[in-house]
Amino acid sequence: MSEGCRGCTGRCCYDIVVHVTPFDVWRIASEQALSPLQIVEPREVQPREGPSAAVFGARLDATERRFRCVLRKSPHEPLACQFLLHLGGGQKRCGIYPHRPRVCAVYPFAIHRGSVDLRDDARCGAGDWNLALVDYAAMRRDLAVYDAEWHAAAGIATVWNDAVEAGGVTPSFPAFVTYAHAAAGTILETNAADAAPLERWAEALLPEDVTAPLQRWLDGVRLASEGALVSASAAPT
Amino acid sequence: MAAPARVARWLACPRKDCCSFSYICVSGDDVARIARTMALEPWTFTVAIAAPDDADDGFLLAAAGPRLRLALARVSFEADGRGAQCAFLASLSDGSARCGLGELRPAACLTFPARVDGGAVVLDAAGCSCDWSGVPLEDPELERNLAAMAEARERYAGVVGRWNAFVRASSFAEPLEVRDFGRFLLDAYGQ
Chain X
1 MSEGCRGCTG RCCYDIVVHV TPFDVWRIAS EQALSPLQIV EPREVQPREG PSAAVFGARL
61 DATERRFRCV LRKSPHEPLA CQFLLHLGGG QKRCGIYPHR PRVCAVYPFA IHRGSVDLRD
121 DARCGAGDWN LALVDYAAMR RDLAVYDAEW HAAAGIATVW NDAVEAGGVT PSFPAFVTYA
181 HAAAGTILET NAADAAPLER WAEALLPEDV TAPLQRWLDG VRLASEGALV SASAAPT
Chain L
1 MAAPARVARW LACPRKDCCS FSYICVSGDD VARIARTMAL EPWTFTVAIA APDDADDGFL
61 LAAAGPRLRL ALARVSFEAD GRGAQCAFLA SLSDGSARCG LGELRPAACL TFPARVDGGA
121 VVLDAAGCSC DWSGVPLEDP ELERNLAAMA EARERYAGVV GRWNAFVRAS SFAEPLEVRD
181 FGRFLLDAYG Q
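Heads up: the protein sequence lines correspond to chains X and L, in order. Counting in our numbering, the first sequence runs from 1 upward without gaps. Counting in our numbering, the second sequence runs from 1 upward without gaps.
Where hints are given, some of them may not hold.
[As the list claims (entries may be wrong)] No more than 25 Å apart at the CA atoms, straight line, and that leaves these computed lysine to aspartate or glutamate pairs for DMTMM-like:
1) 92/X with 143/L
2) 92/X with 187/L
3) 92/X with 177/L
4) 92/X with 44/X
5) 92/X with 41/L
[To be verified] Now the in silico label distances, taken between C-beta atoms and shown as ranges:
6) 98/X with 126/L: 40 to 50 Å
7) 64/L with 120/X: 52 to 62 Å
8) 138/X with 151/L: 55 to 65 Å
9) 174/X with 187/L: 33 to 43 Å
10) 17/X with 177/L: 40 to 50 Å
11) 125/X with 125/L: 40 to 50 Å
12) 66/L with 88/X: 15 to 25 Å
[As the list claims (entries may be wrong)] The following residues of chain X were derived to be distant from chain L, with all beta-carbon distances above 10 Å:
13) 135
14) 141
15) 162
Hint data in this document are derived by calculation from the structure and do not stem from the laboratory. Just so it is clear, the structure is predicted and the values come from calculations on it, not from any experiment. Positions of the beta carbon are idealized from the N, C-alpha and C atoms, including for glycine.
Generate the whole structure from the sequences, applying the supplied hints.
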């Protein structure tokens, strides 16, 4: 557990709406034997909202509105994440910590002015984090993997949106989630035997030139997504 | 690797009654593992409950006092305390529940609903609403966990014995508390 999180009372798990990728959902669903719809619900987003440029969401109806998947909230506390555990002494802990979404794993850090920094909207208390003690190499790597998965998530959404535009699928949240889950599973399982290509891409992100490995990764994402779309379209309704 | 059928059935169970129908007793090994990994002090996630006089995991807080044992804390989201459930159980928005400890969960949970009786592994799913018929209890992971549980229990009995000897030999102005025993466990199971 990160040093700065050890005395935390879970403020970041309350009032923040946690946007997740299909890869996050796949990991949680696999480890917890949950269906994707038990994990996420849709939230409308605006272009450029979010931590990176690759934020454009999926079309879920006949309009141009875009949606992204966010973690569902607790039935007991409307603001709290449904996976938050309530322990003695006001302590809170994540109930899916080993496979929590990447955005949670890198919180409250982001790349700012070329280096790792605390996010402007960090809910942590003053003094929780001492930047002199942060493992910069590990955090930069985690942030790069996080960014890579959001690029890939945007690729999955793009294939879907193109199909919606062409009339190839009937847009709905359950249909999109089923499709995105299949695409993410294919991508992660295909790459599982290949020593975590996302991490290799993250390494490649550190030097100047990131174009080639990113493009190879996104090409793979598009192929897997198109395959998942064909499967989804062929499935009986 | 896919989870054994026994684990897969528990994992997929939406209600998880087995996690809440009674207190889940823990060993020092369980407490130290959860405490260290989740950065939680033992008294934030355990409670002391009454133990039989001859329980080898029964610890004392006073030389002539009753024996107690540690169990996972329970929480209730109702004002009157009804519906208490394991504190590590996450309640999802659709009414189902999932374990927040995963691989860290206590040995009693890892081996549920199996236990060793007279040298044989038997099914004991009291309090559980799942149908366990046909689920094999012969799997290497269960064997390892049952063996580790027995070993941990033996070690814990030794640690509790040392603590109880300390309690009997002590005379403090202020009575000992469960928190003192919790600190003793962190010390005894320290790296």
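Results for each hint:
1. 92/X with 143/L: Not satisfied, since the Cα-Cα distance of roughly 33 Å exceeds 25 Å.
2. 92/X with 187/L: 24 Å, holds
3. 92/X with 177/L: 23 Å, holds
4. 92/X with 44/X: 29 Å, violated
5. 92/X with 41/L: Holds - the C-alpha atoms of residue 41/L and residue 92/X are around 12 Å apart, at most 25 Å.
6. 98/X with 126/L: 40 to 50 Å: 30 Å, violated
7. 64/L with 120/X: 52 to 62 Å: At roughly 59 Å between Cβ atoms, residue 120/X and residue 64/L fall inside 52 to 62 Å, so the hint holds.
8. 138/X with 151/L: 55 to 65 Å: With a Cβ separation near 35 Å, residue 138/X and residue 151/L fall outside 55 to 65 Å, so the hint is violated.
9. 174/X with 187/L: 33 to 43 Å: Distance hint for residue 174/X, residue 187/L is violated at roughly 52 Å.
10. 17/X with 177/L: 40 to 50 Å: 41 Å, holds
11. 125/X with 125/L: 40 to 50 Å: 44 Å, holds
12. 66/L with 88/X: 15 to 25 Å: 22 Å, holds
13. 135: 17 Å, holds
14. 141: 22 Å, holds
15. 162: Label holds. Min Cβ-Cβ 31 Å, cutoff 10 Å.
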